[in-house]
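K.L.:
Sequence:
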Amino acid sequence: MGLFDRLTGTKRPDSGVEARSSDEVRAALLALNRPDVPYRVRNAFPDEKADLVAECKVRQVGVTLKTRMRLIPEKREVRFLDERWENRSSNNANAKYGRGHAPAVYRQWETKQGPDGRRHRVEAFRFDTREMTDPLRNVVLGLGWTWRGVFKL
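When we follow the UniProt record's numbering, the leftmost residue of the sequence shown carries the number 1, and every step to the right adds one.
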C-alpha cells in the first residue's frame, strides 16, 4: 500500500477472496440497514453522483456524516467519498464542511460529583466515525472488491 492509498483510506481485499457481482455488493451494503446502527444506507439521488449513500446525523454534537459510494464493476472497486458537516452553534455561524478520509471521534462531557465529593469530568456521549465506515468497508472487502478513497466522485 502506497502513501496515497493510506491518505485516502484505500484498502484491498485479501488474496484468494473471490470477487462477487456488483448486484451482490449493492445488496450487501443495503442489508447493513438495521435498527441498531447509527446510520442508514440508501440509493443515491441523481444529483449526488453516486450509486449508494450512507448517512448519519449525530444530533448530540451537531455533526452530519455522508459517505457517497460509486460501484465500478470493471475494476471490482467501490470508490467512496466521505463528507462531514459540523454545526456546533445554534445560529449556523461556525458551520464547517470537510471531505476526504479523516476518521474522528466526537465526545460530550459532563461534570458530576464523584463518591469522594469532588467534581469529575465524565464522558456523556461518544461517537467514532469508524462506526459507520468500518462496516461498509468490511462488507466490500469481504466480497472481494477494493475500497478506494477519492477526493471527488
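Think of the hints as simulated: they come from the structure by calculation, not from any bench. Being a predicted model, the structure only gives us computed values, none of them experimental. All C-beta atoms in this analysis are idealised placements derived from N, C-alpha and C, irrespective of residue type, glycine included. Any given hint could be a false lead.
[To be verified] Pair ranges (Cβ atoms, derived):
#1 His120 x Lys49: 46 to 56 Å
#2 Gly114 x Pro35: 18 to 28 Å
#3 Gln108 x Pro73: 39 to 49 Å
#4 Thr111 x Pro35: 43 to 53 Å
#5 Ala124 x Pro73: 21 to 31 Å
#6 Ser21 x Lys152: 52 to 62 Å
#7 Lys49 x Gly2: 43 to 53 Å
#8 Val105 x Glu24: 52 to 62 Å
[Stated by the list, open to error] In the DSSO-like style, the derived pairs of lysine-lysine whose C-alpha atoms are separated by at most 30 Å in a straight line are:
#9 Lys112 x Lys49
#10 Lys96 x Lys75
#11 Lys152 x Lys112
#12 Lys96 x Lys152
#13 Lys75 x Lys11
#14 Lys11 x Lys112
#15 Lys66 x Lys112
K.L.:
All the hints need checking, so say for each whether the structure fits it.
P.N.:
Going through the hints against the structure:
1. Remark: the range hint 46 to 56 Å for His120 to Lys49 is upheld by a beta-carbon distance near 47 Å.
2. Distance hint check: the CB atoms of Gly114 and Pro35 are about 35 Å apart, inconsistent with the given range 18 to 28 Å.
3. Taken as a hint, the range 39 to 49 Å holds for the pair Gln108 and Pro73, whose Cβ atoms sit roughly 42 Å apart.
4. Distance hint for Thr111 and Pro35: a CB-CB separation of about 33 Å, inconsistent with the stated range 43 to 53 Å.
5. The given range of 21 to 31 Å is broken by Ala124 and Pro73, whose C-beta atoms sit roughly 45 Å from each other.
6. The given range of 52 to 62 Å is broken by Ser21 and Lys152, whose C-beta atoms sit roughly 26 Å from each other.
7. A hinted range of 43 to 53 Å is violated for the C-beta pair Lys49 and Gly2, which are about 26 Å apart.
8. Roughly 32 Å separates the CB atoms of Val105 and Glu24, a value that falls outside the hinted 52 to 62 Å.
9. Our distance criterion of 30 Å between C-alpha atoms is broken by Lys112 and Lys49, whose separation comes to about 47 Å.
10. For the hint linking Lys96 to Lys75, the alpha-carbon distance of about 34 Å lies beyond 30 Å, and the restraint is violated.
11. Distance check on the hinted pair: Lys152 and Lys112 sit about 45 Å apart at the alpha-carbon level, beyond 30 Å; violated.
12. Annotation: proposed proximity of Lys96 to Lys152 holds, straight-line Cα distance about 18 Å (limit 30 Å).
13. With a CA separation close to 14 Å, the supplied pair Lys75 and Lys11 stays within the 30 Å bound.
14. At roughly 42 Å between alpha-carbon atoms, Lys11 and Lys112 are farther apart than 30 Å, so this suggested pair is violated.
15. Restraint check for Lys66 and Lys112: not satisfied, since their Cα atoms lie roughly 34 Å apart, outside the 30 Å limit.
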